[in-house]
Amino acid sequence: MRKIGDIVPSPLVLLLFPLILFSFAENSWAQDFQLEATVSENQVFIGEQFTISVEVTGSSMRNVSLPVLPELEGMRVLSSTPSRSTSISIINGQTTTTTTYNFSIIARETGEYTIPPISIEIDGEERQTNPIRVEVIEKGQLSQDGRSQRPEIYLEIQVDESNPVPGQQIVASVVLFFRQGIEVTSFQPTAGWRTDGFWKEELQNISQPQAESIIIDGVRYRTATLMRYALFPNRSGELTLSGFPINVGIRTQPSRNDPFGSFFGSSANQRRVSLESEPVVLNVRTLPEASNATTINAVGDLRVERRLSKNEVVTGETIELVTQVEGVGNIPLVRRPQYNIPDGIDFFTPQENSNVERRGMAIRGDKTFTELMAPRAPGTYSLPAERIAVYDPQNRRYRYINLPAIEFEALPASNNQFTSADLRTVQLTPVTGLAVWKNSDPAGSVFRLVWFWLLLIVPAAALIVAYQKRKFDLRLHSDRAFARVHFADQLAQDRILHARNIVNEDRPKEIYNSLHKAVTGFLTDKLSLPEAGLSDQELLEKVTEHGLNADLLKRLRGILDKCATISYAPSGTRADFRSDIIKTEKLISELKEQL
Amino acid sequence: MRRYTFLGLILFLIFSVAEIAAQQSRFDEANEMLEESQYQDAIQLYKSIADEGYESGALWLNMGIAYSQLDSLGVSKFYLMKASRFKETEDLAEESLEYVNDRFSRQSAVLPPLPWDRFFNYLGDRFGVSGLVFIALLFLYFGVALLIWSWFRKEFQKLLKVSAAILLSVCLLFFLFSVIVNYQQNRYGTGVMVERQGAVYEQPREEAPVVSMAFEGYTMRVDFKESEEHPDWKYIRLENGMFGWVQDSLLMVF
Numbered sequence: 001m002r003k004i005g006d007i008v009p010s011p012l013v014l015l016l017f018p019l020i021l022f023s024f025a026e027n028s029w030a031q032d033f034q035l036e037a038t039v040s041e042n043q044v045f046i047g048e049q050f051t052i053s054v055e056v057t058g059s060s061m062r063n064v065s066l067p068v069l070p071e072l073e074g075m076r077v078l079s080s081t082p083s084r085s086t087s088i089s090i091i092n093g094q095t096t097t098t099t100t101y102n103f104s105i106i107a108r109e110t111g112e113y114t115i116p117p118i119s120i121e122i123d124g125e126e127r128q129t130n131p132i133r134v135e136v137i138e139k140g141q142l143s144q145d146g147r148s149q150r151p152e153i154y155l156e157i158q159v160d161e162s163n164p165v166p167g168q169q170i171v172a173s174v175v176l177f178f179r180q181g182i183e184v185t186s187f188q189p190t191a192g193w194r195t196d197g198f199w200k201e202e203l204q205n206i207s208q209p210q211a212e213s214i215i216i217d218g219v220r221y222r223t224a225t226l227m228r229y230a231l232f233p234n235r236s237g238e239l240t241l242s243g244f245p246i247n248v249g250i251r252t253q254p255s256r257n258d259p260f261g262s263f264f265g266s267s268a269n270q271r272r273v274s275l276e277s278e279p280v281v282l283n284v285r286t287l288p289e290a291s292n293a294t295t296i297n298a299v300g301d302l303r304v305e306r307r308l309s310k311n312e313v314v315t316g317e318t319i320e321l322v323t324q325v326e327g328v329g330n331i332p333l334v335r336r337p338q339y340n341i342p343d344g345i346d347f348f349t350p351q352e353n354s355n356v357e358r359r360g361m362a363i364r365g366d367k368t369f370t371e372l373m374a375p376r377a378p379g380t381y382s383l384p385a386e387r388i389a390v391y392d393p394q395n396r397r398y399r400y401i402n403l404p405a406i407e408f409e410a411l412p413a414s415n416n417q418f419t420s421a422d423l424r425t426v427q428l429t430p431v432t433g434l435a436v437w438k439n440s441d442p443a444g445s446v447f448r449l450v451w452f453w454l455l456l457i458v459p460a461a462a463l464i465v466a467y468q469k470r471k472f473d474l475r476l477h478s479d480r481a482f483a484r485v486h487f488a489d490q491l492a493q494d495r496i497l498h499a500r501n502i503v504n505e506d507r508p509k510e511i512y513n514s515l516h517k518a519v520t521g522f523l524t525d526k527l528s529l530p531e532a533g534l535s536d537q538e539l540l541e542k543v544t545e546h547g548l549n550a551d552l553l554k555r556l557r558g559i560l561d562k563c564a565t566i567s568y569a570p571s572g573t574r575a576d577f578r579s580d581i582i583k584t585e586k587l588i589s590e591l592k593e594q595l
Numbered sequence: 001m002r003r004y005t006f007l008g009l010i011l012f013l014i015f016s017v018a019e020i021a022a023q024q025s026r027f028d029e030a031n032e033m034l035e036e037s038q039y040q041d042a043i044q045l046y047k048s049i050a051d052e053g054y055e056s057g058a059l060w061l062n063m064g065i066a067y068s069q070l071d072s073l074g075v076s077k078f079y080l081m082k083a084s085r086f087k088e089t090e091d092l093a094e095e096s097l098e099y100v101n102d103r104f105s106r107q108s109a110v111l112p113p114l115p116w117d118r119f120f121n122y123l124g125d126r127f128g129v130s131g132l133v134f135i136a137l138l139f140l141y142f143g144v145a146l147l148i149w150s151w152f153r154k155e156f157q158k159l160l161k162v163s164a165a166i167l168l169s170v171c172l173l174f175f176l177f178s179v180i181v182n183y184q185q186n187r188y189g190t191g192v193m194v195e196r197q198g199a200v201y202e203q204p205r206e207e208a209p210v211v212s213m214a215f216e217g218y219t220m221r222v223d224f225k226e227s228e229e230h231p232d233w234k235y236i237r238l239e240n241g242m243f244g245w246v247q248d249s250l251l252m253v254f
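So the protein lines, in turn, are chains A and B. Per our numbering, the first sequence starts with residue 1, numbered consecutively. Per our numbering, the second sequence starts with residue 1, numbered consecutively.
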């Protein structure tokens, strides 16, 4: 660094000032070129060839001499005369000429060396390049394990921060590594990269990937960053970036004359390979609590401003409260601040607008929250001051932004304006007049009411009765003996009735025949005896077996005997007939009770 | 005896009409206060009617409107929701609710109810438990009649039996619906957040983790059965599907 003393202006200096200015102007014209020296690799093996390039770039053709290499320690120059190439480009009418001199060098001894400045004459003036550092390493340091473990081509996700906080931006670079001798002709990411727990934005800072040389575990690789993503974790804890899948077109047998090749160089043996990086695990730290401040999930170098669209508003009209957050950070994830709004203000649906730039290595932009407020009554309204917390990941602490209180005036609405109060009466119309009143005491569950169970019992009872009736009817139809027992009395009564009907016709034989049938039919039906074929004597015996009392048996025998006798010798008066009919009727009634 | 019965009936009718007339008179008085922007006084009168055990759609609607004028939007929403359950004020209450809902600064995400929930809610609102029971009984009576008929009429026995089976199945279905709706109505209620905001906790205690925040006007389903053992808390389900406990004082429930 050059030491500069105090500058004291003097009359002489003032006199020479125009000349000095002219001299600077001339010098600046003379400096209208770029001189740069580069090496193809900063790390080389002993005995390996590499290139030192001296490049002169300017707006016009210049008189450039051959560069002169100084003495190089630990290296040998293969040819002291460099190869020369010139290129001219015209962009927007501006011509740029680039002249490049390439020296081929072989590393001879291990160690760290500095290539001294290279001298070159441009338009008669000698210029020098900057020194360049080169490390020569032995091939013996190569790790055979590394050679065998690492594949010829592989992909890595490299993150610039492995312990971020939620909302902090990290840059994940998709880096391709491939051996010397392989050329990458194309690449195409495929779907399936999972970034659960992150907000992801692709950065637009890589137009065409550039390959660089690198030695990994003693093996020379070339590496190129294909894509970069800005990731914002949205929760704390262990989060995993899954393997990044990609299809890569490669060629082997690269051109020998071009050891670095162009990234999209040309050769034979072209094929496509599918690669996937290893998953990357990040441990996201917990965001500390902000003390006594409103948090809006802002992380980064962000500024917050708040303003009103106007200072005066007519009651019922809207005024905009605009909050703008801008800067570098997690713009897409910033939340709307929740302000303490005084009563008497109607809020309407807030709007959000954001503008995010993805160029460069960080997401920057602005986000605007616009809230529409409508004061409901005239007066002065004050939105209290707010303290907004923005987390600064660099310093690992919160930065607090104080938003001052804002006031605005609500003026009374004129008569012809549509005020909030008017709106309310339009929307909310009370009901007046006669109302339909009812008791508000809950009636209780319908299942606890008596009428419900009564109404349920009625069909059940009807079903039971109908079922019994049906069963009885079925038995009457299917069980002959049961039917005879059931109808015995009725049949007997029918026969007695018949006898009574013919009393006045003086047909004693038929009368007593009917009475006989009534008695015998009743007994055979009741006792399930054969309907025919039994003599009176046999019938009496059967009846006796059923324990009929003696008096009843005697009277039964008497009736039967009389019926038999009259059948053969009809006699008697109508009174006798009626008396016998009554006796028979009584007898059957008593038999019904006994049997 | 008949004379006394008649007299008693007349007296009962007179007292009933007089009592209803008294409610109506107070209601009219409160309406006048509402129109004169004496909202607080109007609310007092409306409340006195409600406290005596009377209710009407108009009463709840006007209370909702009065509270909306006082900026108690949560309480307003509560009464408007009650008013919307009455046929005579359903449309007006729905319109007013739409207006009040627009004024809440925070709106909850609403998870659409499950299809069977929607179905049983519809049955409950459209028919009610009594209506469902009545329909079920109607089908039961017709079904039983057809079944009995089928036992004694041989000529249409098959047709009658099938018809009876269908009617009895429908009856059973309606009884089942009525039981489910009755269960739901007894177990769950509707709550409205009436305070500015409140936390929804995982457990019924303030030290428990906060599940979510509920803001004024949020409606929620209150589980009475679950809440029985914690008198100062209510177990709720927010419209966005989240469950948790909120302090009883933050809600109004019907």
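One or more of the hints may lead you astray.
Within a straight-line C-alpha distance of at most 20 Å, the following computed SDA-like cross-link-like pairs (lysine to any residue) qualify [stated by the list, open to error]:
hint	chain 1	residue 1	chain 2	residue 2
1	A	Lys592	A	Lys471
2	A	Lys438	B	Arg85
3	A	Lys517	A	Asp473
4	A	Lys438	B	Ser212
5	A	Lys554	A	Glu505
6	A	Lys471	B	Phe152
7	B	Lys154	A	Glu590
8	A	Lys469	B	Arg237
9	A	Lys200	A	Ala377
Anything over 10 Å on all C-beta distances counts as not near chain A; from chain B, calculated [claimed, not checked]:
hint	residue
10	Phe27
11	Glu35
12	Glu55
13	Gly57
14	Ala58
15	Ser68
16	Ser105
17	Pro112
18	Ile135
19	Val144
20	Ser178
21	Ile180
22	Asn186
23	Glu229
24	Met242
Just so you know, these hints were derived from the structure itself, not from any lab. No experiment lies behind these values; they were computed from the predicted model shown. Using N, Cα and C, we set each Cβ at its ideal position, and we do this for glycine too.
To see whether the hints hold, each was checked on the structure:
no., hint, result
1, A:Lys592 - A:Lys471, "24 Å, violated"
2, A:Lys438 - B:Arg85, "13 Å, holds"
3, A:Lys517 - A:Asp473, "26 Å, violated"
4, A:Lys438 - B:Ser212, "39 Å, violated"
5, A:Lys554 - A:Glu505, "30 Å, violated"
6, A:Lys471 - B:Phe152, "11 Å, holds"
7, B:Lys154 - A:Glu590, "39 Å, violated"
8, A:Lys469 - B:Arg237, "55 Å, violated"
9, A:Lys200 - A:Ala377, "46 Å, violated"
10, Phe27, "6 Å, violated"
11, Glu35, "7 Å, violated"
12, Glu55, "4 Å, violated"
13, Gly57, "7 Å, violated"
14, Ala58, "4 Å, violated"
15, Ser68, "6 Å, violated"
16, Ser105, "4 Å, violated"
17, Pro112, "21 Å, holds"
18, Ile135, "12 Å, holds"
19, Val144, "4 Å, violated"
20, Ser178, "8 Å, violated"
21, Ile180, "12 Å, holds"
22, Asn186, "7 Å, violated"
23, Glu229, "22 Å, holds"
24, Met242, "18 Å, holds"
In the structure shown, a violation is registered for the earlier hints numbered 1, 3, 4, 5, 7, 8, 9, 10, 11, 12, 13, 14, 15, 16, 19, 20, 22, in ascending order.
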